[in-house]
Amino acid sequence: MFGYSGKILHIDLIEQKTWVEGKTEDWYKIWIGGVSMATRLCWENITPGCDPYSPENPVCFANGIFAGTPVPVGGKYGLASKSPMTGFIGDSLSGSWFSIALKRASWDGVVIHGTSEEWVYIFIDDERVEFRDASKLMGLGTFAAEEAIRDELADDQVRSATIGPAGENMVRFANVTNDGRQAGRTGHGSVWASKKLKAVSVRGTKGITVADPETLNKLSFDITKAAQGPHTSKYRLLGTVTNVLNMNKLGLLPTRNYQEGVFEDAEMVSGEFLHEHNKVKTIACAQCPIACEQMSMVKTGPWAGAMTGIEYECLFANSSNLGINDINAAIKLIEIADQGGMDAMSMGITLSWAMESFEKGVLTKEDFKCEKHPDGLELTFGNGMAAVATAEMIRDQVAVGKLLSQGTKRASETIDKERGTKSYQWAMHSKGMETAGYEARGLKTFSLGSAVGTRGPCHNRTAAYDPDIKGVVDRFTVDDTRGELARSTEEYAAVYDTLPLCKFIRRCFTGKADRAGAWPMIAKLINATTGWNYEYDDIDLIGERAFTIKKAFNIREGWKRTDDTLPYRWMNEPMTKGPSAGHFTSDEELEYMKDLYYKAKGWNNDGMIPKEKLKELGMPDVAEQIGV
Amino acid sequence: MAVSTSKFNYIDCDPDLCIGCQICEYVCSYTKNGEYNTYHSRIRTVRVDEVLITAIACRTCENAPCVISCPQKALSQDPETGTIRLEATKCDGCAWCIDACDFGAISMNHEARLVEICDQCENEEDGPQCVLWCPKEALALTTPEQRAQKSRRELIKQEVIGPK
Numbered sequence: 001m002f003g004y005s006g007k008i009l010h011i012d013l014i015e016q017k018t019w020v021e022g023k024t025e026d027w028y029k030i031w032i033g034g035v036s037m038a039t040r041l042c043w044e045n046i047t048p049g050c051d052p053y054s055p056e057n058p059v060c061f062a063n064g065i066f067a068g069t070p071v072p073v074g075g076k077y078g079l080a081s082k083s084p085m086t087g088f089i090g091d092s093l094s095g096s097w098f099s100i101a102l103k104r105a106s107w108d109g110v111v112i113h114g115t116s117e118e119w120v121y122i123f124i125d126d127e128r129v130e131f132r133d134a135s136k137l138m139g140l141g142t143f144a145a146e147e148a149i150r151d152e153l154a155d156d157q158v159r160s161a162t163i164g165p166a167g168e169n170m171v172r173f174a175n176v177t178n179d180g181r182q183a184g185r186t187g188h189g190s191v192w193a194s195k196k197l198k199a200v201s202v203r204g205t206k207g208i209t210v211a212d213p214e215t216l217n218k219l220s221f222d223i224t225k226a227a228q229g230p231h232t233s234k235y236r237l238l239g240t241v242t243n244v245l246n247m248n249k250l251g252l253l254p255t256r257n258y259q260e261g262v263f264e265d266a267e268m269v270s271g272e273f274l275h276e277h278n279k280v281k282t283i284a285c286a287q288c289p290i291a292c293e294q295m296s297m298v299k300t301g302p303w304a305g306a307m308t309g310i311e312y313e314c315l316f317a318n319s320s321n322l323g324i325n326d327i328n329a330a331i332k333l334i335e336i337a338d339q340g341g342m343d344a345m346s347m348g349i350t351l352s353w354a355m356e357s358f359e360k361g362v363l364t365k366e367d368f369k370c371e372k373h374p375d376g377l378e379l380t381f382g383n384g385m386a387a388v389a390t391a392e393m394i395r396d397q398v399a400v401g402k403l404l405s406q407g408t409k410r411a412s413e414t415i416d417k418e419r420g421t422k423s424y425q426w427a428m429h430s431k432g433m434e435t436a437g438y439e440a441r442g443l444k445t446f447s448l449g450s451a452v453g454t455r456g457p458c459h460n461r462t463a464a465y466d467p468d469i470k471g472v473v474d475r476f477t478v479d480d481t482r483g484e485l486a487r488s489t490e491e492y493a494a495v496y497d498t499l500p501l502c503k504f505i506r507r508c509f510t511g512k513a514d515r516a517g518a519w520p521m522i523a524k525l526i527n528a529t530t531g532w533n534y535e536y537d538d539i540d541l542i543g544e545r546a547f548t549i550k551k552a553f554n555i556r557e558g559w560k561r562t563d564d565t566l567p568y569r570w571m572n573e574p575m576t577k578g579p580s581a582g583h584f585t586s587d588e589e590l591e592y593m594k595d596l597y598y599k600a601k602g603w604n605n606d607g608m609i610p611k612e613k614l615k616e617l618g619m620p621d622v623a624e625q626i627g628v
Numbered sequence: 629m630a631v632s633t634s635k636f637n638y639i640d641c642d643p644d645l646c647i648g649c650q651i652c653e654y655v656c657s658y659t660k661n662g663e664y665n666t667y668h669s670r671i672r673t674v675r676v677d678e679v680l681i682t683a684i685a686c687r688t689c690e691n692a693p694c695v696i697s698c699p700q701k702a703l704s705q706d707p708e709t710g711t712i713r714l715e716a717t718k719c720d721g722c723a724w725c726i727d728a729c730d731f732g733a734i735s736m737n738h739e740a741r742l743v744e745i746c747d748q749c750e751n752e753e754d755g756p757q758c759v760l761w762c763p764k765e766a767l768a769l770t771t772p773e774q775r776a777q778k779s780r781r782e783l784i785k786q787e788v789i790g791p792k
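Those protein sequence lines, which keep their order, are chains A and B. So for the first sequence, the working numbering puts the first residue at 1; every next one is plus one. So for the second sequence, the working numbering puts the first residue at 629; every next one is plus one.
These are calculated hints, taken from the structure and not from any lab test. Each hint should be verified, as a subset may be incorrect.
Unchecked claim - The list that follows gives simulated cross-link-like pairs (lysine-lysine, BS3-like), each with its CA atoms no further than 25 Å apart:
| no. | chain 1 | residue 1 | chain 2 | residue 2 |
| --- | --- | --- | --- | --- |
| 1 | B | K764 | A | K279 |
| 2 | B | K764 | A | K225 |
| 3 | B | K764 | A | K512 |
| 4 | A | K225 | B | K660 |
| 5 | A | K206 | B | K660 |
| 6 | A | K234 | B | K764 |
| 7 | B | K660 | A | K218 |
| 8 | B | K764 | A | K218 |
| 9 | B | K764 | A | K503 |
| 10 | B | K785 | A | K279 |
Please model the entire structure based on the sequences and the hints provided.
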C-alpha cells in the first residue's frame, strides 16, 4: 500500500496503554483522510450520546494522503471529536509540520481514549509512545509549550499540537495549535483539557515512498510554479485580509455584532493598512509554496511587541465586528486568542455579543469587576482597551469572563434565564457555533449553506457564498436552484478538506477552480501517490462521502431538521445601511431552501438519510445504524 | 568560526524570502535517497522563531574543518568546486565532521552509517534541485563575493530609489 501505512494508533489515557489497529486499502478508499477519516474514526470509537467532556469522547487525528510528499499544500491533518459547542461532529483541520511528522512516524490516524488523572502529554516517537508528565508545561501559551517540549526532548524536529491556558481553563471554544496553525473551531481545546491532555508530540524519522514518484514530482513541480502566478496573488500579496474591503464594498462585512454590513472605518482595519503598517513577514505552512500567513506586529502603544498571524476571519471578528478601528487592538486580541489557544472567531463574536449586551444594559460595569479592574469595565463598541481586558478575562475565567468563555449560545441562555432579557436575539451562532465573516443576509445561498452546516455555520466547510458573490444567482432572493448549489459547493469544499489540500491551491491545477478544472489533476495526484485508478467521479464521491459521514454522526447524536437554522438576527432583522440593506432570510425562505437541499442530497424531507443511499456510498454499517 | 572562501559556490538562502515551506528538503532527500525524508536532506530549514526562518547547506569552507577533523581521511575537498567528497568505504560514521562543522550542514544517515553533505547536485543536469524548486527564489547557488555584490547593489538601489 502506498500513501498509507495501514495503521491507526490507539492510545488509552486511563490505563496508559496503546494498541495498533490495521485498516484495509478498501477502508482508505472510502474515507481517504482529513475530516472524512477523522469523523469516521470518531464514529467508530465514540459512545453515541456521550457528554463531550466524558472519557467516552475520543480525540481522533486523521492524516492526509499527501502529507510528507512534495504535493503543494498537502501537509494537513483532520481532528475530530464530538464538539462541546454544538453536541454534533467537531471536525477541524490544521496545517504544517505536525501532519508530516505523524506521517513519517507511520501513523495514518491516532485515536486517544479516556481521561488521565494527572496532566500529561503524549510523545509519539516513531512507533514508541510515551506518557509524559505535563506539569512543567501548565500555563504556557501554545508557542511556548511547543518550544518547551522541544527543549525537554532535545530535538528541534519534534512537532507538537498543544492547548494553551484557555484550554486548560476549559474555555468552551478553546482550540488546538501546532506550528503556529490551529485546528481552530468547534472547541477541541476544552475536550483535550477534559482529558488532562496538554499536548501530543511527534517525532517521525522514516522516509515516505509513493507509487510513482517521477510523475508525482513532475505534477508537483508544475503546481508549485503555477502557485507563484496570478492564481494565488490574492493570498500571497495581502493574504485573506484583503477581504475586509471586498466585503465592505458588498455590504457584507459584519459590523458591531452583525448589526450592519458596512463599517465606516474599514480602511483602517483593512489588509492594505495592515500590510503597510504592521506586516513583518509572510510565512508558510510546511509543504506550502504559496505562503499566506501575514505575520503582523503592533509597533507602538500599550500593546507594542504583540505579534501573530492575521487572516480575514480573525480580523473581521476582532475589528469591524467590535466597532474597533484600531488595528493594534485587533492584532492584540488575535494574539491573546492565538497564544492562549482560543478560536479567535468565536472569541470575537462572543465579545461583540457582550458589547451589544452592555450597550443595551443587559450587562453592566459590575459584571466586569475583578482584582485587575476593581471599577469594572465599559465594554462598548469600539473600546479596544476594554475588549483586550475582557479577552484576558475569558482566557483566565475571571468575573464575566467565566460566562463569556462558554460562547454566545450558552452565555445568552444563562443571562436571559437569570435576568429575564432577550439577548438570544443578538447571539450570532447556529447549533452553538459562532457565525463566519460573510453577512448571510446578503447571501441567500450561503445562508442555506450556513444553516445546514454539520459543524455549524462555516465559511470553510461550504463555498455557497461563491455563486452569490460571483452573480451566478441573485444573492438577495431565493429560487429553486439553491438546494443543488448548497449541495454542490459543500461537497466541493469537502474534497479539499478530506485529502486534505488547502483550498488556496484550487486555481493552480489548470487555471480553473471548478470541478472540471481541478478534479482530473487531483485524481492524477492521488493515483501517483497511491497507485489507484481514481477518476473524476471518484473525486466527487470523496466529497459526498465526507459530508454524509458527518451528517450520519450528527443524526446518531440526535440531530433534527429544526437544528438546521440561523441566528435570530439573520432571520428577523434587516440591515439598514449599504448595498445589502433591507434583506434577511425569512423562516419560509429558509424552510423552502432546506426542502430543496435535502432533496438534492438524496435525503428525505426530514433530512434523514435513506438506507439505500448509504449502501450505495459504501457505508452498510452506517445504513444499519441510522438509515431510514 | 570557519569561513566560506570567496571562490567556491554554495547554496545560499535569503531569510527575507524564505517562507519555511521545506520543499527544498523534500526534493533533496528524494534526489539523493529516493524517498521524501527531511531527516536525510542535505539542506535544512531552520525556524528560530515565528518569522526568523532560513535554510542552511554546506558552505564549502576554505580549509574545511570537516576534512581536517576526519580521522579516517574519508573526506576531501574538490579543488575546483570546493564541494566535500566522501569516500564511502573509508567513512565509519564516527561523526567528528558533524562536530567540526560550524554550520550544522552535515547529517548522519544512521541506516548506512555514512554522513551526508550537499554536493550541489553535481550529477543533475539542471543543477541543484533545491534552487530549481524553491517557490520564492530564496535559494541561490552563489559565492560570498556574488552575494556581497548583490547586497551592495540592493543597498544603493534602496538609498537612491527608496524602499521596494
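Worksheet item: Which of the numbered hints are not met once you compare them with the structure shown?
Response: Violated hints: none; all satisfied.
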